[in-house]
Each structure stands twice: as structure tokens, then as C-alpha cells.
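Engineer: From first to last, the protein sequence lines stand for chains P and W. Per our numbering, numbering of the first sequence is gapless, rising by one per residue and ending at 418. Per our numbering, numbering of the second sequence is gapless, rising by one per residue and ending at 836.
Quick caveat, the hints were computed from the structure, so don't treat them as lab data. Treat the hints with care, since some could be wrong.
As the list claims (entries may be wrong) - Listed below are the simulated DSSO-like cross-link pairs for lysine-lysine, each with C-alpha atoms no more than 30 Å apart in a straight line:
| no. | chain 1 | residue 1 | chain 2 | residue 2 |
| --- | --- | --- | --- | --- |
| 1 | W | K527 | W | K460 |
| 2 | P | K97 | W | K645 |
| 3 | W | K527 | P | K97 |
| 4 | W | K515 | W | K527 |
| 5 | P | K194 | P | K42 |
| 6 | W | K569 | W | K527 |
| 7 | P | K227 | W | K569 |
| 8 | W | K515 | P | K227 |
| 9 | W | K645 | P | K194 |
| 10 | P | K227 | W | K612 |
To be verified - Anything over 10 Å on all C-beta distances counts as not near chain P; from chain W, calculated:
| no. | residue |
| --- | --- |
| 11 | T444 |
| 12 | T516 |
| 13 | P639 |
| 14 | G719 |
| 15 | H751 |
| 16 | L785 |
| 17 | R835 |
Built from N, CA and C at the ideal position, the CB exists for glycine as well.
There are 2 protein chains.
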Amino acid sequence: MDCETYARELAQAARRASRRAAVLDTETKNEVLEAMARRLEKSAERIAAANVLDLEAGREAGLSAAMLDRLEITPRRLAAMADGLRQVAALPDPVGKTIDERVRPNGLKITRVRVPIGVIGIIYESRPNVTVDAAGLCLKSGNAVILRGGKEAIRTNRVLGEILGEALDEAGIDPAVVQVVAVADREVVNRLLKMDAEIDLIIPRGGEGLIRAVVEESTIPVIKHYKGVCHVYVAASADQEMALEIVDNAKTQRPGVCNAVETVLVDAACAREFMPRLAERLGEKGVELRGCERTRAIVPGIVPASEEDWPREYLDLILAVKVVDGVDEAVDHIARYGSGHTDAIVTRDPEEGERFLSRVDSSSVFLNCSTRFSDGGEFGLGAEIGISTDKLHARGPMGLEELTTYKWVARGEGQLRG
Amino acid sequence: MDCETYARELAQAARRASRRAAVLDTETKNEVLEAMARRLEKSAERIAAANVLDLEAGREAGLSAAMLDRLEITPRRLAAMADGLRQVAALPDPVGKTIDERVRPNGLKITRVRVPIGVIGIIYESRPNVTVDAAGLCLKSGNAVILRGGKEAIRTNRVLGEILGEALDEAGIDPAVVQVVAVADREVVNRLLKMDAEIDLIIPRGGEGLIRAVVEESTIPVIKHYKGVCHVYVAASADQEMALEIVDNAKTQRPGVCNAVETVLVDAACAREFMPRLAERLGEKGVELRGCERTRAIVPGIVPASEEDWPREYLDLILAVKVVDGVDEAVDHIARYGSGHTDAIVTRDPEEGERFLSRVDSSSVFLNCSTRFSDGGEFGLGAEIGISTDKLHARGPMGLEELTTYKWVARGEGQLRG
Chain P
1 MDCETYAREL AQAARRASRR AAVLDTETKN EVLEAMARRL EKSAERIAAA
51 NVLDLEAGRE AGLSAAMLDR LEITPRRLAA MADGLRQVAA LPDPVGKTID
101 ERVRPNGLKI TRVRVPIGVI GIIYESRPNV TVDAAGLCLK SGNAVILRGG
151 KEAIRTNRVL GEILGEALDE AGIDPAVVQV VAVADREVVN RLLKMDAEID
201 LIIPRGGEGL IRAVVEESTI PVIKHYKGVC HVYVAASADQ EMALEIVDNA
251 KTQRPGVCNA VETVLVDAAC AREFMPRLAE RLGEKGVELR GCERTRAIVP
301 GIVPASEEDW PREYLDLILA VKVVDGVDEA VDHIARYGSG HTDAIVTRDP
351 EEGERFLSRV DSSSVFLNCS TRFSDGGEFG LGAEIGISTD KLHARGPMGL
401 EELTTYKWVA RGEGQLRG
Chain W
419 MDCETYAREL AQAARRASRR AAVLDTETKN EVLEAMARRL EKSAERIAAA
469 NVLDLEAGRE AGLSAAMLDR LEITPRRLAA MADGLRQVAA LPDPVGKTID
519 ERVRPNGLKI TRVRVPIGVI GIIYESRPNV TVDAAGLCLK SGNAVILRGG
569 KEAIRTNRVL GEILGEALDE AGIDPAVVQV VAVADREVVN RLLKMDAEID
619 LIIPRGGEGL IRAVVEESTI PVIKHYKGVC HVYVAASADQ EMALEIVDNA
669 KTQRPGVCNA VETVLVDAAC AREFMPRLAE RLGEKGVELR GCERTRAIVP
719 GIVPASEEDW PREYLDLILA VKVVDGVDEA VDHIARYGSG HTDAIVTRDP
769 EEGERFLSRV DSSSVFLNCS TRFSDGGEFG LGAEIGISTD KLHARGPMGL
819 EELTTYKWVA RGEGQLRG
């Protein structure tokens, strides 16, 4: 079968299945999620057999140890996947929720009701747990999903998809509610990205290169974040001990993730005191600082930052630092170089704090806490399908509700427009 | 200046202006809206002078009488524009509204707050009142706007833009909050549609051709509706008198608009009685019916409908009619041929009504009322920037709230992630 035909069959099957998925009741969806979890647990050997083949192929292809590690499904990771499905079952069902209601002067009762989006395509890299997590979230929100993981995990993902499909089938639900792209050819993805009549939303998860390629190709709306160039601004009035703790946590607790801090801006009024303390604290943790000229005048020996450092997402133990003259310059710097992900201020001045929170136009803005809290779980959404730095539909961590849209429902008794 | 440079300057000026517009307080915005209204009223002669030139050029270019009529700014239409701005001033300001708030176990206070989208591009055809209406709605929602009307109205739109800009300038606000594209060259639009770093949203309003061209070209998210192929399904249990009134109203009250009905589906169980009554009633109103074979067996002499009639938006006194076997076939027909705009059922059976409302995946679904109610004003939104048949962000009539997004705000006292 050629790529176009294969992609079209996937997309059309998903569209058909989505109509049924949209009207499943909560209890049925939760039962299927539980059945999926049980079936995964019982299929440890079958999953391991496929996973071993992916791991062998990965070793032959020269994948790094880190990539091979991400690819591996250990018993603990399998248990976590099953557990994740049960957690999704325990979350409230967003579908059918009335957003608002009003009765018009002519007696028309008008409500807005949450409904599933329809068909969602998820494109992601190595970790096979995304296959299960994303399938669970899409099912719970009443959507059909097409999952396309990395080619290095294709055997594992295929088996995971089969197992989830069996649980659907057993419950009398069209297994095309969850489909895994079983062909590695990149052309299948490119074809899917043009099927805007069948697929309603694309969520790419992975490196900036993957995401840019998806955005370029897609005629379907894409929700995404390219990168996380997160800032912490340390104001003159900041509790410096708190600021050190926050920057340390935001940089070193997990440097390789998108909500880690990449640039610290320090008000000139406290830089002379704060910068040496910051350099010492982070130096102990093995963090390389790259500083502006004013920083280097205070702490000589710091690597000079170039213009390329300000928009960089290091994802590593490297931190850009810059002295600025007050909150407005910090806000301007973030507007110019930030990525709209998460930016924080540390201050004891409530007015300055509110000025920062209202003027920084990022999906998450924080006062006196670590940027690392920018996360669906930490925000209390229960589970997260991804993070959006876009302006439309969903911004910041996306939970179940962000996988729904709404429709207007009007109920009348024969009203006519005059 | 070449098109690229001109477009870039517009877009960058809008982006700069949007940062200021986003933090204007409600009172200031309302005062500017009032000042805009007054300035429009005082500028009747200046507007008429530009409008006359557009009308003359339009006549020379052979525009139809209907198009020339839409282009003309009569004193009454000018008053309506000013009045529209005052109505927008009276609407609640969506910006800054807290959508939800929660306190996490670690004490973090997390809120989601409505904020403006940023820079919005509106692309529309002939009627110059859109220039003023859209500018008012974008200003009230804290956005900067770039307005590109039809080239036949360019002189009028330019003058309207100048007047709105003067009111902004007088209030000490960057007039680039409202910019009118003053160059007719289509290439300027094409360049704007690629400036996804500066422009956040494109709303095209007009015929399907215009909208498809915008979607093809744009790398910026587009909210749109291509067309309105609205259905009324008449169930077996329908009050037939009510059904006749609703279909008549939905077809003939204003046939040229997107929420007029284009296809009526009739349950076979009542078709023998209902179809002749429908043919008689609409025949009196000069409506041409195009029927399926089963309809023609009941009412001979009706024009046969072809496969091309079902997805057609006539925008005229033409109506496709089809006999179906029950609500599920009606739902299937709408899924296949509908445009996701507005679809209604007429029934006395509440269960059947709810089945239709939940299974038809259109932006607006109605029970026992005319499709013509699908409108921001009729829904109580106050004013409407357009209608969306998309799934993401906004669906159905879009009011002020749909011109905003949200951001996550977290306030802490030094919280770190463990």
C-alpha cells in the first residue's frame, strides 16, 4: 500500500471512530481505561519481545546510551504506564460540561457545552510511554487519536497500539479510536499533515527541529512549543536567599527540560551583591555562567555572553546572566528573546511583582517560585498532553479540557427571527 | 516602499502597539471608543469625500449595483458605525478576568487570567463598516489590529483608519493599535500572512474564495468559516406547523446569509404529509425546491437534486429537500455534507431532540427554532467579529471573549520543585 492510501485509510478510520468516541459515556471510557491498564500489565512479555528488537536495532544504528535508555520499557515503566491510565480514569470527564447558559428575551435557552475536538494526531520522539499516555488522555476526552512515535520505537509502539486496540475491541468500541502509525516512512506523516478534512489538531512533541518540520508541512492546526527560554528576574528588593534557591532549583533540579531557567536577569541595584553569590552557588553545582559586560565587571572570569546566548535553550548546566536597569528592561528583554514559555520574578515589592506578571506576555508568569512548576501535574490538571506557547486555544500546560472544544446548543419552542 | 518592507513595518508597529494596548485599563479604552465615535460623527464630510471617489472608481470598474450599495456610507450608516463603537464601550471588558483559581498543596496560588491575543489581522471585502466595527472590538479586547478591506473601498477605509488613529493619538495611545493597509497591492497581504512572529491571528471575512486563498497562504493561525450549509431536520413527531414556520423563516427571511437553511431533511414517516405542505408554502414565497427521488415521488414536478446539491450553499431562494429514515440518517447526512455551521431539528420527542443535539458535530445545534438565530447578537454576545466553524479556540459566533487568550499566573513565597 502506498503512503497516501495508508495515511488516508488511517485518517478516515479515525474520523469514523471519532463520531462514536464523542458520545461514549464516562463510565464506559473509564472501564476501557482500566481494561487497557490490565491488558498492558498482562502483556509484559509481549511488549518486552518487541522492545528488545527496537533496542537491538537502536544499538546497531548507533543510538546514544541516553536514547537507548529512553527507549527501554522496564517493568517499572510498564507499571507506570498502566498506573497513568488509571489516573486518567480518575480525572473528571470534560465532555458534556456546560460552560455557560443564558435565556434570551425571546425564550431561547442557549448553552455552550464542551465536546471533543474530534481526531487528534500526536507526533513524538523516542519515549514509548507517550503512546499510552496520549491514547488515554485522548480517549477520556472523547477523541480519536493517531499516534506517530519515533521510528526507533516503532515495534514497541505497534505492540502497545495493538494492546490498547484489543481493549477497545473487547469493549465493543471501534479500535480505530486509537491507531499507531505502523510504517516508519516519513512520507506517511507528511500525507497525514495535509488531511485537514479528517484530522482536527496536530500536537508535536519533541525537539525544535521536529516541531518546525511539522508546522511547515501541516495544513491542520498545530499546538506546540518550540522551546523554553525561561527567565528569572531578580529585583532590587528580592529576598536574595530566596532568589538563590529559586535560580538553583530552576537551573539544576532537572536542566534538560523546557521549564528549566536559561537566563537570569538581575537588577543593577542589587547586582553587585547578588551576582557574586549567584556565581559561587551555581559554581558549586558545576553550572557555567555566561555573563553580559556589566556582570563580568562585577564577577571577572565569567565567560562572556554573546548575542546568541540570549535566545538559547541550553538544556544543560549553562546559564546566561545579565544586569538590567529595573523591571521594565527585564520585561523588554523577555519580550525580545523569550519563547513565551515561563518567566518568573523574585521580589518583595508587590507592585513591581504585579507589573511583571501583567506585562510579560508568556504562557506562564510566576512570582517568587521556581520556573520548574510550569507543568500540568504541578498546576493540578492531573495529566498533561503537552505544553503550548501558542496564543490560540490552549496556552501553557494542556490537560483534558484543552483536548475539547465547545458547541452552542439552542433549545426553543418554535422561535423565528424577526 | 516595496511590499515586504511596508508589510513588515505595519506588522512590527502593530506588535509594539499591542504591548501597550494589552495593559490599557477599561475606562481608557471606553473613553477612546467614545472619542472615536464622536470623531466619526464630526467627519461626515471628510468620509463622504473619500467614499465618493471609491464609488466613482467602482462605477467605472463596473461594480454591480449591489456592490456599490454595500460600499456606500450613507449618513445613517455612519451613525450606525458610531453607535456600534458606543455599544462596544458598553460591553464588559474581558481582559483581566480570572477564569479559574486554585491553591496547590505547596501553597502556590495559581490563576488563569484572560489576556489579549496580541496582534490580529482582519481581511474582508467591500462593506467599510467592518473597518470600524472590527477596530472597536479589537481595541476593547486589548489587541492591536491590522485591517485590510477590499480594494474597491480603499479610500474610504484609509480615511476611517486615519480618523480612528487620530482619536487614539489624542488619547496618548500609539495610533498603530489600529492600522489600515493603505496599499491595494495583494502582495502586501501575502507578506503579512507570513509574519507569524508579529501577527497572532488572522480572521478573514468574505466569500469562500477569499477565505481559501488566505488559508493557503497563511503561516499564522486562521479562524474562519468557509460557508454555511445549514440543515433543518423535520422529525416524524414534529409539530408540522412549527416546522413550516421554521423552514420558511430560515430560508426566506434573509436568504443571502450564512445561517440561512440550505437543505431540509424530512423523516420518511411524515414526508408524505409534510412535503406537499412545504412545497406549497415555499412555492408561494418563490423558493425553488430541489428534491431527492423519494421527495419527487411525493411531490412530482420538483427539480431533481443531484449529488452536487447536498454540499451547496445557495445563498438564494433555492432549497434542497431529502427524505431520510430517521434521526440517525439525518445526522449521517449532516456529517457528510454539512459545513459545521448550524443545524436544527424540529421534533416533539425530547429524546430524539437530544440525540440530534449531541450527535451533530456543528458549531451550533438547535432544537425547534430557526437557524437564523446563529448570530453573536442573538446569542447575547453583544457584538460579533465573525463566525467560526473551526474546532480550535473559537467555535460559532465570536465575541470579545474570543479575541482573548489566557495566561497562567502563579504566586508563591519561594516554592521550589522537589
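Engineer: For each hint, tell me whether it holds in the structure or not.
Structural biologist: Hints versus structure:
no., hint, verdict
1, W/K527 x W/K460, "49 Å, violated"
2, P/K97 x W/K645, "28 Å, holds"
3, W/K527 x P/K97, "25 Å, holds"
4, W/K515 x W/K527, "16 Å, holds"
5, P/K194 x P/K42, "38 Å, violated"
6, W/K569 x W/K527, "51 Å, violated"
7, P/K227 x W/K569, "40 Å, violated"
8, W/K515 x P/K227, "28 Å, holds"
9, W/K645 x P/K194, "20 Å, holds"
10, P/K227 x W/K612, "20 Å, holds"
11, T444, "14 Å, holds"
12, T516, "13 Å, holds"
13, P639, "5 Å, violated"
14, G719, "28 Å, holds"
15, H751, "13 Å, holds"
16, L785, "5 Å, violated"
17, R835, "4 Å, violated"
Against the hints set out earlier in the document, violations occur for numbers 1, 5, 6, 7, 13, 16 and 17.
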